[in-house]
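Number of protein chains: 2
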Amino acid sequence: SYVLKGRMKDLYENPAPAEASTDQRRGSLEILYKIPGFSQLHTATTEVVHQVKSRWEWILDKFKMDPDTFKPEKKFRLHSTYTREKKELFDVSDQFMLPSLRSRVVDFILNRKKFSNDPNDHFAFGIERLIEEKAYSAAYPLHDGDSRTPGNIRYKLARHWASLWKAVKYQPLDHIKEYFGVKIGLYFAWLGFYTHTLIFASVVGLFCFFYGLATLDNNIPSQEICDLSKSVTMCPVCDKFCDYWDLSETCLHSKVTYLFDNSSTVFFAIFMSFWAALFLELWKRYSAKITHRWDLTGFDAREEHPRPQYLAKLKDVQEKKYNPLTHKEEPRVPFWRMKFPNQMISYTTILLLILLVIALVVGVIIYRICVLSVLAIKASEEDSLITRNAQIFTTATAASLNLVCIMLFNRLYERAAYKLTEMELPRTQTDFEDSYTVKIYLLQFVNLYASIFYIGFIKGKMIGRPGKYNKIFGFRQEECAPGGCMLELTIQLAIIMVGKQAMGTCMEMIQPILMKWWNTMRLHAAYGSIKKKKDEKPQWLKDYTLNSFGPEGLFGEYLEMVLQYGFVTIFVAAFPLAPLFALLNNLFEMRLDAKKVLNLYRRPVAQRVRNIGVWYTIMDMVGKFSVITNAFIIAFTSDFIPQAVYYYYYSPKIYNYSTMTGYVNHTLSWFDVNDFMENKPDKPGVEYCRYFEYRSPPWADPKYKRTQVYWHVMAARLAFIVVFENIVALVVFLVQYCIPDMPRQLQDQIQAESYLTNEIIIDHELTR
Amino acid sequence: SYVLKGRMKDLYENPAPAEASTDQRRGSLEILYKIPGFSQLHTATTEVVHQVKSRWEWILDKFKMDPDTFKPEKKFRLHSTYTREKKELFDVSDQFMLPSLRSRVVDFILNRKKFSNDPNDHFAFGIERLIEEKAYSAAYPLHDGDSRTPGNIRYKLARHWASLWKAVKYQPLDHIKEYFGVKIGLYFAWLGFYTHTLIFASVVGLFCFFYGLATLDNNIPSQEICDLSKSVTMCPVCDKFCDYWDLSETCLHSKVTYLFDNSSTVFFAIFMSFWAALFLELWKRYSAKITHRWDLTGFDAREEHPRPQYLAKLKDVQEKKYNPLTHKEEPRVPFWRMKFPNQMISYTTILLLILLVIALVVGVIIYRICVLSVLAIKASEEDSLITRNAQIFTTATAASLNLVCIMLFNRLYERAAYKLTEMELPRTQTDFEDSYTVKIYLLQFVNLYASIFYIGFIKGKMIGRPGKYNKIFGFRQEECAPGGCMLELTIQLAIIMVGKQAMGTCMEMIQPILMKWWNTMRLHAAYGSIKKKKDEKPQWLKDYTLNSFGPEGLFGEYLEMVLQYGFVTIFVAAFPLAPLFALLNNLFEMRLDAKKVLNLYRRPVAQRVRNIGVWYTIMDMVGKFSVITNAFIIAFTSDFIPQAVYYYYYSPKIYNYSTMTGYVNHTLSWFDVNDFMENKPDKPGVEYCRYFEYRSPPWADPKYKRTQVYWHVMAARLAFIVVFENIVALVVFLVQYCIPDMPRQLQDQIQAESYLTNEIIIDHELTR
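Heads up: the protein sequence lines correspond to chains A and B, in order. Numbering-wise (my numbering), the first sequence opens with residue 1 and increments by one. Numbering-wise (my numbering), the second sequence opens with residue 1 and increments by one.
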């Protein structure tokens with residue numbers, strides 16, 4: 001009965017609210033006015049506040065929609081479930097049956113209509129079942145006109161909303177909801193809100209980046225590396241082809257690393273953890289406001305039909321279950337013969353696909369090892385731009401390769417997951433969507449982030465030491481460049497994130513255009529005879545060539561955004577510019593999505609939803625996961641902790657002040673080249689080479705053992721993780737606790753409305 | 001309108017469900033029957049399963065209620081909001097107006113009735129306001145008879161439920177709910193469920209304790225301590241009075257410690273984290289089932305009235321707010337003059353009280369330091385039982401002192417918190433209860449657990465080293481006994497937990513009995529003339545002498561249980577027997593609570609609630625917090641990590657097997673007694689003394705510096721915390737994700753019911 005929730009008549013007279021007079025306002029500050037000079041001060045302050053406010057509003061107005069184009073909705077009225085007995089309570093004007101309500105009513109009737117006279121076929125109802133059985137080819141509400149001809153809402157939305165020129169303006173959310181229904185309206189509200197909050201993250205991220213730029217010249221470790229006078233011979237980074245190298249070669253590398261890995265990184269990681277928590281909390285409040293404005297409070301999508309595909313699959317099932325409630329026999333999914341094996345196949349296939357992705361990542365790693373070896377040989381022969389920046393070149397090409405593979409796999413995955421979810425026999429559409437969403441997200445997560453995890457947390461971590469490398473299949477593992485793997489991680493992140501977004505946006509636009517063209521072709525081929533001029537075509541024929549907006553219509557859009565959210569939170573410690581790139585992308589994404597739903601898709605049935613569903617849970621999980629990953633990135637991938645330990649414990653004190661001088665030397669251990677067991681690189685004059693580890697020198701006994709500094713730094717790294725995780729978790733909890741899910745005022749209003757509606761209905765019952 | 005949700009008629013005929021025949025059942029295993037011998041095997045297996053099942057049912061029957069006393073409720077029917085137009089749809093038999101429904105309807109009317117003709121006094125309604133203004137002295141539903149005279153439900157409940165003899169039986173929940181309403185029914189359901197799940201925790205806890213007992217003789221570290229042949233001179237544990245002592249004195253101590261601090265502790269801590277997560281998850285499922293059976297699905301307590309106390313306080317507020325919905329002016333709480341200062345006072349007072357508790361804890365610590373010093377002097381004079389077990393004696397008396405203080409403070413707190421919450425001007429009863437609950441819980445949390453936190457995480461952690469102790473006000477800090485502070489922590493826990501429960505239960509019973517007696521006296525004094533014989537007294541007069549069951553009636557019960565839940569989870573790593581004590585306490589607590597509400601309180605209005613409210617959130621938080629505390633207890637308080645590091649890295653290998661031999665010696669550092677700066681204890685023949693720290697010996701350079709082992713152990717401790725926290729968090733998340741909040745079957749049923757109710761109503765609308 002939720003279908004017909006109608007607006008009620010305004011039963012009270014409507015006197016204009018009495019404005020509180022200045023005298024009244026002044027009243028509350030009465031005592032303060034007795035202080036001499038307070039009156040002047042108060043007036044002056046009020047003046048300044050007023051000026052700032054009006055300037056701010058002037059700026060905001062630039063971003064607001066034109067109020068003449070999209071008139072604000074009428075003031076709020078009470079709503080209640082419509083019943084015939086109480087029809088005199090409702091406001092049955094022409095505004096009562098809005099287009100979205102009409103499309104919902106028609107959809108409700110079509111979905112409930114029985115089409116068979118057989119009393120035993122309890123499931124012979126619903127237009128979707130008929131479409132499934134190919135009795136009809138489609139059923140969709142019509143667009144209300146051409147988007148290029150003025151005079152309809154579609155044109156208005158196309159011109160003032162779905163246009164890249166309007167990218168920085170607010171969206172006319174109420175009108176979007178009126179045209180497309182709540183589900184799509186909520187998506188754009190969410191996207192707008194997310195983009196909005198990204199502004200703060202971007203500004204702080206940029207600030208951190210500029211802090212790195214500004215303090216670049218004061219960074220002693222990179223200065224020490226660049227200092228050419230001190231030649232430091234390093235041990236070879238790979239077997240056979242690599243030679244001893246000089247630390248000063250990595251001068252530029254260490255400077256760029258500093259841009260992304262300085263003390264502001266820790267601040268930014270903490271900031272982003274709170275940002276993520278605040279984003280979700282504030283979204284809850286914002287969506288509570290929106291859903292109340294759209295009259296969805298208390299809406300509960302419980303009375304859901306089984307999916308037609310589910311019923312179709314069950315048609316030939318013999319086993320029936322007695323339903324004590326309806327006293328009918330319903331087909332029962334045999335657990336051991338259908339449900340269980342199907343689910344097993346589904347889970348194992350998912351596992352297989354995940355293993356496939358991991359295999360792909362390993363493949364890319366092998367590619368990198370090979371290319372690096374080849375480049376090392378080449379470097380001895382010629383000196384080119386590529387060989388000089390071997391590390392960066394390798395990383396960049398590997399990341400691009402990875403990206404292409406990801407794109408190809410994604411296509412395969414989506415199909416597989418859809419089939420698998422179908423196989424699991426979910427009863428309702430919600431079940432289906434939740435299962436499908438989690439599946440796709442899991443796969444995409446591994447697909448997209450696996451290589452990044454490798455670089456961040458595995459690469460160069462357990463490589464052993466010169467003379468005793470930990471080998472895998474006889475290959476030495478890749479080593480990190482000086483300054484940690486941070487730069488590599490940052491490059492990998494930037495390429496995958498920006499590349500993924502650019503490619504995603506293109507694919508997203510091209511595919512529906514191609515589909516529309518294909519549909520038009522097919523229609524012409526089949527019904528060539530009804531060739532009419534474009535303008536004469538009825539709307540239903542025009543819309544038939546568009547793509548169908550299925551129940552999973554918004555899935556791709558949400559997925560893209562939530563994966564982007566992962567970049568913005570999970571790895572933000574390694575790439576503080578991620579929020580900025582996300583912001584720029586989203587400004588355009590929003591309008592491109594708008595163009596797509598408006599021009600390339602059939603108008604969807606106005607579905608009602610109460611929230612963004614399982615995506616919220618996923619974002620919540622990503623937010624929590626990001627605290628862990630950021631803690632580990634700062635503790636193990638970045639150089640922050642070793643530098644801090646050196647600064648406070650081991651650095652030489654000058655006039656009681658600590659300094660970073662000598663840090664690079666401190667992190668390097670000595671190695672006697674005569675201790676190379678195999679693949680000893682020969683270079684005359686080299687007796688000792690250095691490597692990045694805290695181990696005892698060859699002249700100590702025992703030699704090459706981990707020193708006290710190693711364990712001290714390790715304890716500091718782990719202590720940082722413990723402190724970071726627990727404090728962030730505590731503060732996030734406090735934030736969540738202190739910000740109620742629903743604004744106080746809204747809650748009071750809902751309570752008052754509910755109470756009033758009740759009163760009116762009881763009054764009506766009594767007076768009838 | 002939720003008040004009148006009524007049972008609908010059974011509109012369908014009721015054929016007996018067709019039992020699936022053996023043939024049909026056999027059908028699904030058809031293929032397997034072709035295997036030779038399968039038929040026999042299948043029959044034999046079925047036989048065994050059947051026997052085990054019937055035996056199990058026979059055992060379960062011992063715990064079940066007598067089905068003749070409490071007849072199971074009629075089978076489930078559809079429910080819907082009752083309206084006059086659709087009255088033919090409802091089952092208006094004598095079972096329609098159950099006592100709880102009747103009391104709710106009367107309460108609803110009394111709370112809505114206007115008592116003033118002044119149209120401007122919008123808040124002149126409700127019996128509670130009249131009671132507040134002393135126009136009436138009380139309003140309550142009547143008990144349905146004497147609990148000692150057969151023939152009424154109260155007697156039946158008193159005899160078969162509220163009796164200690166029935167402690168191990170299941171509770172007749174449906175009948176409790178019918179008599180007291182959902183709110184109290186849900187409390188007893190929750191308590192029963194909690195007690196039930198405690199059984200598993202108790203069994204595993206007992207097992208861990210017995211594991212400690214069984215392996216006591218194999219514990220090498222305590223053997224080494226007890227080994228009298230190796231005399232180890234330890235440095236004095238306090239200044240001036242203390243002397244050097246021999247390690248073997250702590251032999252018994254180390255053995256008892258082992259009982260609670262062995263490798264099974266880690267297992268138990270992990271187990272209890274999952275237990276806590278599972279408990280909450282399963283409670284969600286169980287309560288979903290119960291609330292559905294009690295027809296509360298979809299119930300939403302939104303239409304809540306402001307509290308009478310709130311309205312009374314606002315009576316003299318001049319400022320009015322215009323409510324655009326009702327077009328009425330409502331009194332508005334002036335934010336800056338009332339709301340803000342009141343809230344500030346409230347928060348600062350809470351802070352003050354918390355500081356007071358901490359001061360109390362410090363006081364107890366000082367008491368302990370003093371007593372220990374005195375006992376040390378005494379020990380040199382005479383050798384008594386007390387002086388020999390000085391540490392244990394001090395801990396025990398200090399804990400008892402602490403307990404008494406806690407009990408006294410609790411009284412003060414409760415009053416303060418109530419007043420403070422009143423001052424905050426909460427609008428509705430729910431607001432009030434939530435704010436009050438969190439306040440009380442916070443205070444009680446600090447009050448109860450502060451001293452335990454001190455012993456677990458602060459005591460003996462930063463004491464410095466011999467010759468250079470970290471002093472506070474010139475006093476040396478307390479040291480931990482050998483084997484860590486674990487034993488002290490365990491004793492403190494056991495005393496506070498068991499003592500608190502025993503005292504709580506006594507207070508809980510005595511107070512209402514005294515109140516009842518006091519009320520009776522007062523009534524007699526005031527209306528001495530209406531002295532009638534006991535049997536002639538009308539029920540309303542009998543009930544008037546009982547305690548009033550206010551809206552906070554269950555507060556104390558929930559609080560006690562949730563604080564107990566804290567002992568069972570937060571510190572379980574130090575006291576694996578806590579679940580067992582909790583279980584024993586709860587078995588009696590449940591029946592004593594039952595006695596109390598049945599005999600000592602007026603019958604409460606049958607309130608409807610959907611869940612246990614903010615207590616669930618608190619328990620969820622406690623569960624999460626317990627992961628952190630248990631990780632820290634194992635890492636820092638227990639000896640588990642140092643022993644593990646010694647075992648795997650530093651122990652002498654015998655035939656390639658590690659052994660714990662030499663562990664005690666390994667953990668002790670050397671100290672040259674000539675390095676004592678002050679308070680040098682003189683004892684001839686002592687050149688060196690030992691102390692529990694990883695520091696370099698006096699003959700090394702630099703001396704008394706932390707060794708590599710220290711940092712290694714520290715890294716291991718922190719690594720344990722990181723691994724423990726993250727893995728437990730991950731698994732708990734998976735558990736929560738994999739167990740749906742509502743059983744699949746129930747969800748399907750609710751959907752089907754909702755759909756059917758809708759169908760019936762639409763049919764009814766169409767055919768009318």
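Bear in mind the hints are in silico, worked out from the structure with no lab data behind them. Certain hints may be false.
Note: identical chains are not told apart, hence a pair may lie in one copy or across any two.
Mimicking EDC-like on lysine to aspartate or glutamate, the simulated pairs with C-alpha atoms at most 20 Å apart in a straight line are [unchecked claim]:
{"id": "1", "residue 1": "LYS114", "residue 2": "ASP763"}
{"id": "2", "residue 1": "LYS114", "residue 2": "GLU765"}
{"id": "3", "residue 1": "LYS683", "residue 2": "GLU693"}
{"id": "4", "residue 1": "LYS183", "residue 2": "GLU133"}
{"id": "5", "residue 1": "LYS419", "residue 2": "ASP434"}
{"id": "6", "residue 1": "LYS86", "residue 2": "GLU424"}
{"id": "7", "residue 1": "LYS339", "residue 2": "ASP672"}
{"id": "8", "residue 1": "LYS461", "residue 2": "GLU759"}
{"id": "9", "residue 1": "LYS230", "residue 2": "GLU133"}
Hint-by-hint comparison with the structure:
1. LYS114 to ASP763: Close across copies (14 Å), not inside one copy (38 Å); limit 20 Å.
2. LYS114 to GLU765: between (35 Å within a copy, 19 Å between copies)
3. LYS683 to GLU693: neither (23 Å within a copy, 48 Å between copies)
4. LYS183 to GLU133: neither (27 Å within a copy, 51 Å between copies)
5. LYS419 to ASP434: within (14 Å within a copy, 47 Å between copies)
6. LYS86 to GLU424: Neither: 45 Å inside a chain and 41 Å across chains, both beyond 20 Å.
7. LYS339 to ASP672: neither (65 Å within a copy, 74 Å between copies)
8. LYS461 to GLU759: Intra 69 Å, inter 64 Å, cutoff 20 Å: neither.
9. LYS230 to GLU133: neither (80 Å within a copy, 89 Å between copies)
Hint check: violations occur at hints 3, 4, 6, 7, 8, 9; the rest are consistent with the structure.
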